[in-house]
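K.L.:
Chain by chain, the residues run as shown.
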Amino acid sequence: MEKSIDSENVPITKTKSHYFSKTLIKWGQILPISIWMLLLVVIPLMYVLIMSFMSRDFYGGIVYKFTLSNFAQVFAGQNLKIYAQSIGIGAVSTVVCLLIAYPFAMFIAQKGPVAKTILMALVVVPSVSNSLVRLFSWITLLRKTGVVNTTLEHLGIIHHPLSMVYNTGGIVLGMVYLLLMFMIIPIFNSLDRIDHNLIEAAEDLGATKWQILKEIVIPLSKPGIFAGCIMVFIPSLGYFFVSDVMGGGTSTMMGNLIENQFQTSRNWPLGSAISVMLIVLTLVLLVLFQRRGGDMADLGGR
Amino acid sequence: MKEMIRLSSIKKNYGDVKIIKDLNFTVYEGEFLTMLGPSGCGKTTTLRMIAGFEEPTSGEIMLNEKPVSNLPPYKRKINTVFQNYALFPHLTVAQNVGFGLKMAGVPKVKRGPQVEKMLKLVQLEGYGNRKLDQLSGGQKQRIAIARALINHPQVLLLDEPLSALDLKLRKQMQLELKRLQRKLGITFVYVTHDQEEALMMSDRIAVMNKGHLEQIADPRTLYEQPKTCFVANFIGESNIFYGKVSEITKTDTKVTIENGYLTLQSDKPVFEKQIVNIVIRPEKVKFSTTEVPGFHIPATVAEHYYAGNVNKSVLRLPNGMALKMTSAGDQKLPEIGKSGFVYWELADAILIKTTSDDVFKAVDNPDFSMVNQMGGD
Ligand SMILES: Nc1ncnc2c1ncn2[C@@H]1O[C@H](COP(=O)(O)OP(=O)(O)OP(=O)(O)O)[C@@H](O)[C@H]1O
Ligand SMILES: [Mg+2]
Numbered sequence: 001m002e003k004s005i006d007s008e009n010v011p012i013t014k015t016k017s018h019y020f021s022k023t024l025i026k027w028g029q030i031l032p033i034s035i036w037m038l039l040l041v042v043i044p045l046m047y048v049l050i051m052s053f054m055s056r057d058f059y060g061g062i063v064y065k066f067t068l069s070n071f072a073q074v075f076a077g078q079n080l081k082i083y084a085q086s087i088g089i090g091a092v093s094t095v096v097c098l099l100i101a102y103p104f105a106m107f108i109a110q111k112g113p114v115a116k117t118i119l120m121a122l123v124v125v126p127s128v129s130n131s132l133v134r135l136f137s138w139i140t141l142l143r144k145t146g147v148v149n150t151t152l153e154h155l156g157i158i159h160h161p162l163s164m165v166y167n168t169g170g171i172v173l174g175m176v177y178l179l180l181m182f183m184i185i186p187i188f189n190s191l192d193r194i195d196h197n198l199i200e201a202a203e204d205l206g207a208t209k210w211q212i213l214k215e216i217v218i219p220l221s222k223p224g225i226f227a228g229c230i231m232v233f234i235p236s237l238g239y240f241f242v243s244d245v246m247g248g249g250t251s252t253m254m255g256n257l258i259e260n261q262f263q264t265s266r267n268w269p270l271g272s273a274i275s276v277m278l279i280v281l282t283l284v285l286l287v288l289f290q291r292r293g294g295d296m297a298d299l300g301g302r
Numbered sequence: 001m002k003e004m005i006r007l008s009s010i011k012k013n014y015g016d017v018k019i020i021k022d023l024n025f026t027v028y029e030g031e032f033l034t035m036l037g038p039s040g041c042g043k044t045t046t047l048r049m050i051a052g053f054e055e056p057t058s059g060e061i062m063l064n065e066k067p068v069s070n071l072p073p074y075k076r077k078i079n080t081v082f083q084n085y086a087l088f089p090h091l092t093v094a095q096n097v098g099f100g101l102k103m104a105g106v107p108k109v110k111r112g113p114q115v116e117k118m119l120k121l122v123q124l125e126g127y128g129n130r131k132l133d134q135l136s137g138g139q140k141q142r143i144a145i146a147r148a149l150i151n152h153p154q155v156l157l158l159d160e161p162l163s164a165l166d167l168k169l170r171k172q173m174q175l176e177l178k179r180l181q182r183k184l185g186i187t188f189v190y191v192t193h194d195q196e197e198a199l200m201m202s203d204r205i206a207v208m209n210k211g212h213l214e215q216i217a218d219p220r221t222l223y224e225q226p227k228t229c230f231v232a233n234f235i236g237e238s239n240i241f242y243g244k245v246s247e248i249t250k251t252d253t254k255v256t257i258e259n260g261y262l263t264l265q266s267d268k269p270v271f272e273k274q275i276v277n278i279v280i281r282p283e284k285v286k287f288s289t290t291e292v293p294g295f296h297i298p299a300t301v302a303e304h305y306y307a308g309n310v311n312k313s314v315l316r317l318p319n320g321m322a323l324k325m326t327s328a329g330d331q332k333l334p335e336i337g338k339s340g341f342v343y344w345e346l347a348d349a350i351l352i353k354t355t356s357d358d359v360f361k362a363v364d365n366p367d368f369s370m371v372n373q374m375g376g377d
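Quick note, the sequences are listed as chains A and B, same order.
The first sequence stops at residue 302 when you use the working numbering, and every number in between is there.
The second sequence stops at residue 377 when you use the working numbering, and every number in between is there.
Since the hints were derived computationally from the structure, they do not count as laboratory data.
Please note that a few of the clues may not be correct.
To be verified - Below, simulated DSSO-like cross-link-like pairs (lysine-lysine); rule was C-alpha separation at most 30 angstroms, straight line:
#1 B:Lys-108 x A:Lys-209
#2 B:Lys-171 x B:Lys-140
#3 B:Lys-273 x B:Lys-227
#4 B:Lys-210 x B:Lys-353
#5 B:Lys-250 x B:Lys-268
#6 A:Lys-209 x B:Lys-110
#7 B:Lys-338 x B:Lys-244
#8 A:Lys-209 x B:Lys-11
#9 B:Lys-286 x B:Lys-273
#10 A:Lys-214 x B:Lys-117
#11 A:Lys-214 x B:Lys-77
#12 B:Lys-353 x B:Lys-227
#13 B:Lys-75 x A:Lys-209
#14 B:Lys-140 x A:Lys-222
#15 A:Lys-222 x B:Lys-102
#16 A:Lys-111 x B:Lys-75
#17 B:Lys-312 x B:Lys-324
#18 B:Lys-131 x B:Lys-108
#19 B:Lys-120 x A:Lys-214
#20 A:Lys-209 x B:Lys-117
#21 B:Lys-77 x B:Lys-18
#22 B:Lys-77 x A:Lys-209
#23 A:Lys-222 x B:Lys-108
#24 A:Lys-214 x B:Lys-102
#25 B:Lys-254 x B:Lys-312
#26 B:Lys-183 x B:Lys-117
#27 B:Lys-250 x B:Lys-273
#28 B:Lys-18 x B:Lys-66
#29 B:Lys-338 x B:Lys-312
#30 A:Lys-209 x B:Lys-131
#31 A:Lys-209 x B:Lys-140
#32 B:Lys-168 x B:Lys-131
#33 B:Lys-353 x B:Lys-21
#34 B:Lys-18 x A:Lys-111
#35 B:Lys-140 x A:Lys-214
Said to hold, decoys possible - With the C-beta cut set under 7 angstroms, the calculated list includes, among others, these residues of chain B facing chain A:
#36 Phe-53
#37 Asn-79
#38 Thr-80
In this text, a Cβ means the ideal position worked out from N, Cα and C, and glycines have one as well.
The whole structure should be built from the sequences, with the hints applied where relevant.
P.N.:
See below:
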């Protein structure tokens, strides 16, 4: 009798200590990252959040007094127009990215393992260089006295230089150029994950190439499409330097508005309030994404 | 019998590797034909060529006596049940089953009743609105079968359809598949590497090995008259001796083996000095303490295993070969360590004339245990 009690007890204590050491290891792994996150993400975000409820004195100094007036200003008439414009440019950029990225990702996903790795590396490589530099090189190419216009004029194809930058189209071009890879990566991942047997099964059941695309491939890559759209749309709202460089100041985007509050207008509380709204919008989109069955790992780009 | 599929001189290379080497066989209408063979012998490849997913490097596949080499999969009246089901994860059960109809442009209202009929056939009525993750493995397998049958194929190809199921479910599905095939009268080409499954379900079995056909026959013929050592080993358990025909008289054909000799039925078509293999099934092996005329195969009783209805014994020959013997469960067994002699009824021995390469190997390497190891698995 005693023996059986003993033998029952031993494993329990064993599992307990085992559990304890496992927990310890887990926290040991998480702790450094947690501190890092706390310092670099959580504290600044809290600061922005608190700031968005603060008041401002006449000279732009911050007065630590609670107010909701910043949020009222967020939705002031002239700002709404800017949001609409940003969302419009963001949406157009997202659609353009999607239209370019999808066939491209599909092309890569059909390659062999080696070619896949090389091609995907090529997609990512440009992002290691400074994005401002890359944007300016577009300007050199496309401005009125740029390479493309002068060449076309020399060839006699055009007589007046085309306006390809310093307008809304220029901003979209810049956005698409910088953000395209964030659309390609998740779409490629979701396409790459599709079991080839499914394609063959569809073919076996009489589906044409087009039907396979419509009925199998696109539905199964939806998580990648959603992830890509989120990863392009959200940054496009915030990339103020794109409209600075490519738009030539013709249109103000949400990012510019925030930038202005922190620099020229020196209205940090309002800048924070707009930022908070942008963060809330992001969270809403992420929640929607997950509700639609999206996998958060897709957004990490793996 | 009407010919349904014929493979003539089919060869398939992947790069320089010859995967299928000159495959020839015919499948008849309404037949349940199984391709049986070890992993990697080319069963899936052959099935994929019949389905149209792969093209033979050379040779011709005929369907209804017409060559199909240029027909894409969907133009062949053949459908496939894939090994891992390959069900569309984003669709419901009904959408999966009705997929073939939808692709053929059948309007939605007409698809419903047909889908329901198919679901009834596989005993899953009322499951139409379920999502796939609400189904068990066996149910998924049935959906895959229903989906493949909805376009009324003439031939259904099944690539190890039951391998993902647990033993009990597998047995049940074996019976159900057989019932379905009888009921529909469709030609089934079935792939498995489970010999028991093959024996139980098939009208005929094509035994494949390393990309060629070893033998094609009905289950009983395969078991009782294997043509090669490979078949003898692969279908059921075997003891294989090799030796040389040493003496042919009017009444006797004597074969000398290492450490002894045995006698063949006199009507066997052999000539003197011919190298032959003799297969004897474990249940036909007999043991005696005194020598039996015509045989001289000394052996020692090494092990007994009790297996319910039968006893399995291992007899050790002087050269180390382990001879398998099974006897009825109620029979008295000789003691372990006892020495005696092995014999059998002359009619029970199966003669295999040594043409297949595995026998030449055995002759090059006069080690009886090697031959016996082939029967080990
Ligand atoms: N696409 C391919 N490229 C190169 N080699 C291949 C390809 N497909 C199959 N093979 C090779 O062909 C051989 C036969 O493969 P196959 O899948 O037909 O075997 P199998 O009999 O179905 O085996 P299993 O029982 O394991 O499914 C294997 O050696 C395999 O490695
Ligand atoms: Mg296979």
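K.L.:
For each hint, tell me whether it holds in the structure or not.
P.N.:
Consistency of the hints with the structure:
1. B:Lys-108 x A:Lys-209: Holds, because 21 angstroms separates the two Cα atoms, which is no more than 30 angstroms.
2. B:Lys-171 x B:Lys-140: holds (16 angstroms)
3. B:Lys-273 x B:Lys-227: holds (20 angstroms)
4. B:Lys-210 x B:Lys-353: Cα-Cα ~20 angstroms, so holds.
5. B:Lys-250 x B:Lys-268: holds (12 angstroms)
6. A:Lys-209 x B:Lys-110: Cα-Cα ~24 angstroms, so holds.
7. B:Lys-338 x B:Lys-244: holds (29 angstroms)
8. A:Lys-209 x B:Lys-11: holds (28 angstroms)
9. B:Lys-286 x B:Lys-273: holds (27 angstroms)
10. A:Lys-214 x B:Lys-117: Distance ~27 angstroms between A:Lys-214 and B:Lys-117 Cα, so the pair holds.
11. A:Lys-214 x B:Lys-77: Holds: A:Lys-214 and B:Lys-77 sit about 24 angstroms apart, inside 30 angstroms.
12. B:Lys-353 x B:Lys-227: holds (8 angstroms)
13. B:Lys-75 x A:Lys-209: Holds, at roughly 14 angstroms.
14. B:Lys-140 x A:Lys-222: The hint holds at about 24 angstroms.
15. A:Lys-222 x B:Lys-102: Roughly 21 angstroms between the alpha carbons, so the hint for A:Lys-222 and B:Lys-102 holds.
16. A:Lys-111 x B:Lys-75: This hinted pair holds, its Cα atoms lying about 27 angstroms apart.
17. B:Lys-312 x B:Lys-324: Distance ~7 angstroms between B:Lys-312 and B:Lys-324 Cα, so the pair holds.
18. B:Lys-131 x B:Lys-108: holds (19 angstroms)
19. B:Lys-120 x A:Lys-214: holds (29 angstroms)
20. A:Lys-209 x B:Lys-117: holds (28 angstroms)
21. B:Lys-77 x B:Lys-18: holds (28 angstroms)
22. B:Lys-77 x A:Lys-209: Holds, at roughly 19 angstroms.
23. A:Lys-222 x B:Lys-108: holds (24 angstroms)
24. A:Lys-214 x B:Lys-102: This hinted pair holds, its Cα atoms lying about 12 angstroms apart.
25. B:Lys-254 x B:Lys-312: holds (28 angstroms)
26. B:Lys-183 x B:Lys-117: holds (14 angstroms)
27. B:Lys-250 x B:Lys-273: With Cα atoms ~17 angstroms apart, B:Lys-250 and B:Lys-273 stay inside 30 angstroms; holds.
28. B:Lys-18 x B:Lys-66: holds (26 angstroms)
29. B:Lys-338 x B:Lys-312: holds (16 angstroms)
30. A:Lys-209 x B:Lys-131: holds (25 angstroms)
31. A:Lys-209 x B:Lys-140: holds (26 angstroms)
32. B:Lys-168 x B:Lys-131: Distance of about 25 angstroms is within 30 angstroms: holds.
33. B:Lys-353 x B:Lys-21: holds (22 angstroms)
34. B:Lys-18 x A:Lys-111: The given pair, whose Cα atoms are some 24 angstroms apart, holds under the 30 angstroms limit.
35. B:Lys-140 x A:Lys-214: The hint holds at about 24 angstroms.
36. Phe-53: holds (6 angstroms)
37. Asn-79: Status holds, d = 6 angstroms.
38. Thr-80: holds (5 angstroms)
Violated hints are absent here; each numbered hint is respected by the structure.
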